[in-house]
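Starting from the given sequences, assemble the full structure and let the hints guide the process.
For the sequence shown, position 464 (counting from the first letter as 1) is numbered 464 according to full-length UniProt numbering, and the numbering increases by one without interruption.
It is possible that part of the hints are untrue.
[What the hints assert, rightly or not] Pairs of lysine to aspartate or glutamate residues, derived as EDC-like cross-links and limited to a Cα-Cα distance of at most 16 Å, are as follows:
id	residue 1	residue 2
1	Lys357	Asp414
2	Lys449	Glu379
3	Lys468	Asp435
4	Lys387	Glu343
5	Lys338	Glu369
[To be verified] The calculated label-pair distances, taken between Cβ atoms and stated as ranges, are:
id	residue 1	residue 2	range
6	Pro242	Ala446	22 to 32 Å
7	Ala446	Pro167	20 to 30 Å
8	Pro167	Asp371	20 to 30 Å
9	Leu405	Asn383	36 to 46 Å
10	Arg496	Pro249	33 to 43 Å
11	Met382	His187	12 to 22 Å
Think of the hints as simulated: they come from the structure by calculation, not from any bench. Ideal Cβ positions, reconstructed from N, Cα and C, are used throughout, including at glycine.
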Amino acid sequence: YGYAEGSSSREVTISLSTTKRSGGAYVRPLVEYANQVVYSGRTKDVTLIERVQRATTRMVAGLKSVDYETRLAMLDLFPLEYRRLRGDLILTYALFEQSLANRFFTVDPANTRRGHSFVSNSMSSRLRSTAMVLGLGLGMFTAQGICSGNERFYRELLMPALHRVIPDGETAHFMAVKALRYGFGPHRRDVAVPSLRCNVFGLDFDHPVGVAAGFDKNGEAIIGLLDAGFSHVEVGTVTPKPQPGNPRPRVFRWPEREAVINRYGFNSEGHDAVYERLKDRVWQGRGVVGVNLGCNKQSPDPVADFVAGVKRFGEVADYLVINVSSPNTPGLRSMQNKQKLKELLGQVLTARSKLTKRTPILLKISPDESDESLKDIVETAMNPMTKVDGLIVSNTSLASYDEALACHAAPPPDELDTPSDGIVWGGLSGRPLFDRSTVCLTKVAALTKGQLPLVGVGGIFDGEDAAKKLSAGASLVQLYTGLIYQGPPVVRRVTRELEELVTNGDKRQQSG
Numbered sequence: 001y002g003y004a005e006g007s008s009s010r011e012v013t014i015s016l017s018t019t020k021r022s023g024g025a026y027v028r029p030l031v032e033y034a035n036q037v038v039y040s041g042r043t044k045d046v047t048l049i050e051r052v053q054r055a056t057t058r059m060v061a062g063l064k065s066v067d068y069e070t071r072l073a074m075l076d077l078f079p080l081e082y083r084r085l086r087g088d089l090i091l092t093y094a095l096f097e098q099s100l101a102n103r104f105f106t107v108d109p110a111n112t113r114r115g116h117s118f119v120s121n122s123m124s125s126r127l128r129s130t131a132m133v134l135g136l137g138l139g140m141f142t143a144q145g146i147c148s149g150n151e152r153f154y155r156e157l158l159m160p161a162l163h164r165v166i167p168d169g170e171t172a173h174f175m176a177v178k179a180l181r182y183g184f185g186p187h188r189r190d191v192a193v194p195s196l197r198c199n200v201f202g203l204d205f206d207h208p209v210g211v212a213a214g215f216d217k218n219g220e221a222i223i224g225l226l227d228a229g230f231s232h233v234e235v236g237t238v239t240p241k242p243q244p245g246n247p248r249p250r251v252f253r254w255p256e257r258e259a260v261i262n263r264y265g266f267n268s269e270g271h272d273a274v275y276e277r278l279k280d281r282v283w284q285g286r287g288v289v290g291v292n293l294g295c296n297k298q299s300p301d302p303v304a305d306f307v308a309g310v311k312r313f314g315e316v317a318d319y320l321v322i323n324v325s326s327p328n329t330p331g332l333r334s335m336q337n338k339q340k341l342k343e344l345l346g347q348v349l350t351a352r353s354k355l356t357k358r359t360p361i362l363l364k365i366s367p368d369e370s371d372e373s374l375k376d377i378v379e380t381a382m383n384p385m386t387k388v389d390g391l392i393v394s395n396t397s398l399a400s401y402d403e404a405l406a407c408h409a410a411p412p413p414d415e416l417d418t419p420s421d422g423i424v425w426g427g428l429s430g431r432p433l434f435d436r437s438t439v440c441l442t443k444v445a446a447l448t449k450g451q452l453p454l455v456g457v458g459g460i461f462d463g464e465d466a467a468k469k470l471s472a473g474a475s476l477v478q479l480y481t482g483l484i485y486q487g488p489p490v491v492r493r494v495t496r497e498l499e500e501l502v503t504n505g506d507k508r509q510q511s512g
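Now the structure itself:
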């Protein structure tokens, strides 16, 4: 064992074996002196230790070639002095061990001349130790914040940091889904909110707040999202055949407005892959799971694609959604045309009638429709021959050129090859969508007159936003962009604030 102090790099070695009867006499003073050096900081008289070291080194002989257990056995055969020697060696080791634990010394395994050396910490090693401690502390703090679901930690620290480290929105989205899939997210035990429980289209929900389609496109993070506290998760959009979607980059954050523009284009692993994840219904008893259905971009028969989705997922999902309102698939929104929609819903409902259960079917509509178009959609959705079980209002809105330019989803005007008016820049979601989608929801609620359940989607970040959707006519609400900027704990915030608003409203009614 070696010892070095400061810049002198002086080393003293205590031999682990000796054959001289007087060995203990040399070791014991060394132990006492080492104790003084370690605990009182004395640095003088190093020559004394060196003299003892030289004497003990000369005593090392026949035991070098013997294994450790044999050495101990042989020492046991020697008289008291040698047994004391072994005790002194153990004490010496313990002293240096304790010093090591207190960071007075570090082990230098590179020194193989006379065994391991205990070397006093230099400034650089102390800095490394400090960095390790700080890193460990930061890691523990981050892990605790992630698992506990601390709202401020996610909203003010984690999510902004991740957006800086991972500027590409799609990469961050991919990593978030994987993290939730493997359990790296908040775990709430108090998911149910008694005052917010509801039954919508025949299904029981612990509260009205769920995840909109688009976040968990392939059914990978269902349990992670339900564990975070959402009452329901809408998987998808899922297409019959796998397809890559539109070219990257295709997700653009607009942090100043808490908005996102995406032009994914129904990227999907396809029916078979998603079905394999859903077939065992592992979420049973934890929440509600819906599947949002779409058609392939190059499909010769889009209606057949939707019918195939009903057949594939009708027995597995808690509810199904017909998505004909995404702005990122050419020609898709034209299927909201009254005649096309009538044909589509007729065939979809026929396919459902052949299932062993009556799975609720919802229709997701666009916020960009004219009043006349909304009227046609609602009439078709409520027609006895094509009646669905609910409407989701709404999908993303067509982003304008100025909006796309603000979040770098569009090039500057001098780099445009064609007029910006004819280009689909993507679907806008987040706070700028709130008013548009809520106005659309209010119009649809007036047309349905309470005869059809509505799901409010678009720009929900807190309990007040959710309350406004419910007041506008929604029975359930869903969010997506709120997850991007606040992380999974956003559901805790929304449900808590919503519960407070409901409770205070009931109290005002009672007092009135």
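Quick one: which hint numbers does this structure break? Sort them smallest to largest.
-> 1, 6, 7, 8 and 11
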